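Please model the complete structure; the sequences and the hints are all you need to start from.
Residue numbers (our numbering), protein chains in the order written: chain V, 1 to 299; chain Y, 1 to 275; chain H, 1 to 375.
Derived by calculation from the structure, the hints in this document are not laboratory data. Here the structure is a predicted model, which means the values were calculated and not measured. There may be inaccurate statements among the hints.
No more than 27 Å apart at the CA atoms, straight line, and that leaves these computed lysine-lysine pairs for DSSO-like [to be verified]: (1) Y:K171 <-> H:K111; (2) H:K273 <-> H:K211; (3) H:K112 <-> H:K174; (4) V:K8 <-> H:K12.
Stretch by stretch, here's where chain H covers chain Y in the computed footprint (C-beta under 8 Å, at least three residues) [what the hints assert, rightly or not]: (5) 157–166; (6) 169–177; (7) 184–197.
C-beta atoms are modelled at their ideal positions from N, C-alpha and C, and glycine is treated no differently.
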Amino acid sequence: MRRISGRKKREKLLAFVLLLPVLIVFSVFMFWPLIQTVWLSLYDWNMVSPEKHFVGFANYTAIFQDGSFVQILKNTGLYVLLFLAIDFAVPYLVSCILAFAVKKMTAFYKSALFLPSLLSLVTAALIFSWLFNPIAGPLSKLFALFGQRFPNWAQTNGLVIVVLSIITSWKLFGYNLIVLLAGVSSIPLELIETARLEKTPPLEVFFRIILPLSSSTGIYTLIITIVWGLQWVFTPINILTAGGPDKGSLNIIYEVYDQAFTFFNTGKASAWGLVTLLLFSALLFLEFRYVEKGIYYEN
Amino acid sequence: MKTDKIGRAAIHLLLLCLSACMVLPVVFTVFSSFKSVNDIMTNPLRLLPERFILDNYRTILDRVPFGVIILNTVAIALTVMGFKLVTSCLAAYSFVFLRNRFSDALYFLFICTMFIPLSVTMIPNYITISKMGLLDRLMGVALPQLCDAMGIFLLRQHFRGIPESLIEAAKLEKTPHLTILFKIVLPVAKPAVIATGIIFFVNSWNEYVWPKLVLRTEGNYTLPLAAQAFIGAEGSADLNITMAMATATLAIPLVLFLIFQKFIIGTFASSGIKG
Amino acid sequence: MNDIRLEHITKKYGGNEVVSDLTLPIRPGERMILLGPSGCGKSTTLRMISGLTEITSGDLYMGGVRMNDVGCGDRNVAMVFQNYALFPHMTVYQNIAFGLRTLKLPKAEVKKRVLAMIETLELSGLEKRLPRELSGGQRQRVALARAAIKNAPYFLLDEPLSNLDVQLRAHARKELVRIHELNRSTFLYVTHDQIEAMTIGQRVAILNKGKLQMVDTPHNIYYRPANVFCARFIGTPPMNVFPAELEESALVVAGHRIRLSPAWGRRLASSLKGPRVTAGIRPEEIILRPSERENTVPATVKYVENYGNSLGVYFELGGLEMVATVGQNRPLSQGDALFAEFPDAGLSFFDPETEKNVGYPEEYGGENKPLHLAK
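Have a look at this one:
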């Protein structure tokens with residue numbers, strides 16, 4: 001007969017052993033890079049020479065003094081705003097509609113809206129580079145029918161970010177929709193019906209009942225939208241504009257790639273990486289505070 | 001919410017438009033892949049081809065070693081999917097049924113990896129892989145992707161949904177933990193496991209950034225890389241080829257989606273972030 | 001010998017004591033019920049015996065061996081869970097066969113035993129069905145079969161009938177007793193339903209807030225409740241319990257005098273410290289008369305409940321509400337002015353401070369109520 005104390009120890013050991021593979025892979029390819037990035041950001045290195053030149057915080061000051069610093073931040077901000085508008089606000093409302101306002105065809109809508117989420121961003125970039133082609137694309141033809149000219153978005157600041165956001169949002173929409181739908185669906189129908197009996201307008205129902213009661217799903221989705229959106233848009237940027245026109249579509253993620261693999265300035269790239277990491281850490285803190293603990297509880 | 005008939009119709013119209021925005025681009029692309037260049041250029045708004053041609057695909061087969069590329073993509077995707085599934089299942093089991101304070105701390109740590117941007121891991125992993133001599137090799141692409149915190153998160157949520165009493169009934173029969181995992185937990189959570197596996201496969205299939213950094217020679221490319229080359233080099237002149245390439249890239253994920261859509265959507269939906 | 005001994009067993013979650021100093025010997029082969037309201041600690045106690053929950057302090061002996069540190073798979077315990085815990089992906093046959101895992105028998109032997117058990121529990125024809133294709137009653141029998149097939153010396157059940165329809169429960173109760181008779185395991189059954197407790201149990205242990213209130217046969221639980229809690233927990237409607245005062249050999253209740261027999265007078269005088277006492281009488285012991293008689297008190301009917309074969313008459317005595325159960329032989333309605341008689345043999349008395357039963361005079365059977373005095 002095995003004693004409980006020995007068994008508990010063996011269970012603890014097993015618990016750890018089962019986690020070991022993940023721990024090893026993450027340590028080598030996630031945590032170690034973190035440390036390395038910090039370390040690299042303090043050096044001046046071009047990735048090939050065996051010599052590394054210690055420069056302390058010079059890379060960081062270089063970033064802040066860089067002429068394009070403000071632009072990169074502005075771009076990033078615009079990306080975030082667009083992502084939140086298309087991939088957070090809209091799916092939230094759509095999920096409420098699917099959960100409470102329609103009864104038929106919900107399976108079809110869910111599938112149709114989720115479809116792009118399983119496609120590659122390369123595919124999306126290919127498709128939309130054709131759809132949005134200012135000379136020969138279908139949309140430009142449509143515009144021409146109304147006597148308008150389709151703008152040359154790839155060369156226009158601002159618009160280029162809009163188009164790249166649309167491409168990325170196209171893919172992100174479905175996933176966010178499904179997750180938000182799950183959160184919203186968990187709200188008991190009776191609560192909504194009670195509000196409707198009091199003739200509450202739909203928007204008020206949304207803000208005062210649905211939003212608070214699905215808040216932890218909402219916050220999770222908000223955070224994921226920012227974290228994934230900024231990273232996913234890398235692919236369309238890389239394929240379609242390479243950060244152009246003239247840094248017009250660069251964001252903080254892409255800047256790292258640009259600095260490292262175009263300018264071979266790993267020090268500056270790593271510094272940018274850390275700045276991004278700090279931003280994401282703030283989001284991670286929010287995630288744990290509000291999502292893992294949950295915000296609103298139904299009495 | 002009770003809305004009147006007109007309101008209901010309007011809502012459906014809105015949803016249909018939204019669905020069209022999602023689906024039409026794909027439909028358009030697939031049909032365009034069977035059109036000739038002239039067809040696309042002269043009638044950009046027309047959906048169906050004037051004449052169905054397969055030449056675009058023939059051109060692709062001529063220009064790129066398509067078979068090899070597919071094999072590369074499949075090999076990496078299967079390897080990554082396999083490893084991710086195994087490690088995620090083991091980890092999820094540990095987090096749910098062998099929970100202790102130490103593993104709670106590790107869970108926090110693992111979830112943190114979801115917030116480490118690729119801009120931080122890009123350079124060091126590139127250095128690591130090149131030091132291992134795995135640059136331009138399929139293994140170099142797969143290695144950093146062998147584990148996935150998202151998968152652990154999803155599977156953990158699903159394992160938590162299994163009634164504790166099932167595990168206790170097995171424990172009373174002296175069933176060892178790994179047997180419980182394989183004979184009870186996995187069969188009961190089968191839909192979630194399958195769906196998670198498909199998500200892993202598709203995500204790997206669609207990967208662009210990391211393969212682009214690692215792979216250099218065309219013969220080692222994965223499908224998204226090969227597709228991208230068609231935009232970079234060829235420009236917009238050969239739109240028909242581009243469309244064909246795009247169709248080829250999205251074919252497998254699309255088929256997988258159509259077959260398993262209920263599973264996949266269900267798994268994300270019931271990952272139960274309650275509140 | 002498959003007896004179970006709990007000695008000063010305590011379970012704490014943080015600062016919260018869920019089971020307090022529980023000492024309970026369970027005889028080999030007996031059917032013992034753990035009865036009590038929600039949160040009284042009965043399920044926790046069961047789980048401590050099974051090994052699924054750790055014991056904070058105290059000693060658990062099973063078959064004379066101390067089991068505190070023994071793993072739950074090694075205690076030779078069969079258990080039926082409240083929600084049955086059937087494996088949803090396994091057939092009825094596979095679920096039942098799972099109970100034989102530890103024995104590592106050859107396949108032919110497993111098949112023989114499983115089929116025999118299927119027949120015993122009237123599950124024939126359902127071997128290949130999955131749990132979701134079964135009715136509630138069938139699932140319950142499969143859970144029972146899986147546990148019973150082990151022929152384990154200890155059989156633990158956690159509210160196994162609570163998910164069944166009321167009509168099925170009577171049949172299920174008989175089945176449980178039948179299973180028990182087959183191998184005479186030591187049967188520990190947790191429930192909050194007093195009917196199950198009284199019909200299935202050979203002895204019943206009543207728990208409240210983690211503390212043992214009394215353990216005795218169903219008969220004694222009913223007629224000789226150890227304290228006010230037990231008195232009111234058992235019986236529907238529950239026993240009337242009310243404060244009163246002793247004056248010479250009479251009971252003063254809300255201003256009315258009820259003469260007590262000398263036997264009671266002696267008993268109470270020796271057991272109580274002061275004139276105050278808590279009195280109790282079961283509804284079926286109260287006699288309602290249409291006209292005043294010696295030693296009756298006025299009772300105005302406030303409400304009448306129809307139980308089918310009897311009436312529950314709620315009446316007021318002074319400011320106290322009481323209920324009496326009478327036959328259906330005469331129509332009663334609200335407002336009727338009746339007179340209630342409290343026969344000495346049906347009375348119980350409790351210490352007003354400790355709420356413990358002060359006992360019964362020998363004339364009424366003492367510690368055991370004789371059957372001929374029971375109504």
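Each hint tested on the structure:
no.: 1; hint: Y:K171 <-> H:K111; result: holds (22 Å)
no.: 2; hint: H:K273 <-> H:K211; result: holds (26 Å)
no.: 3; hint: H:K112 <-> H:K174; result: holds (25 Å)
no.: 4; hint: V:K8 <-> H:K12; result: holds (19 Å)
no.: 5; hint: 157–166; result: holds (count 3)
no.: 6; hint: 169–177; result: holds (count 7)
no.: 7; hint: 184–197; result: holds (count 4)
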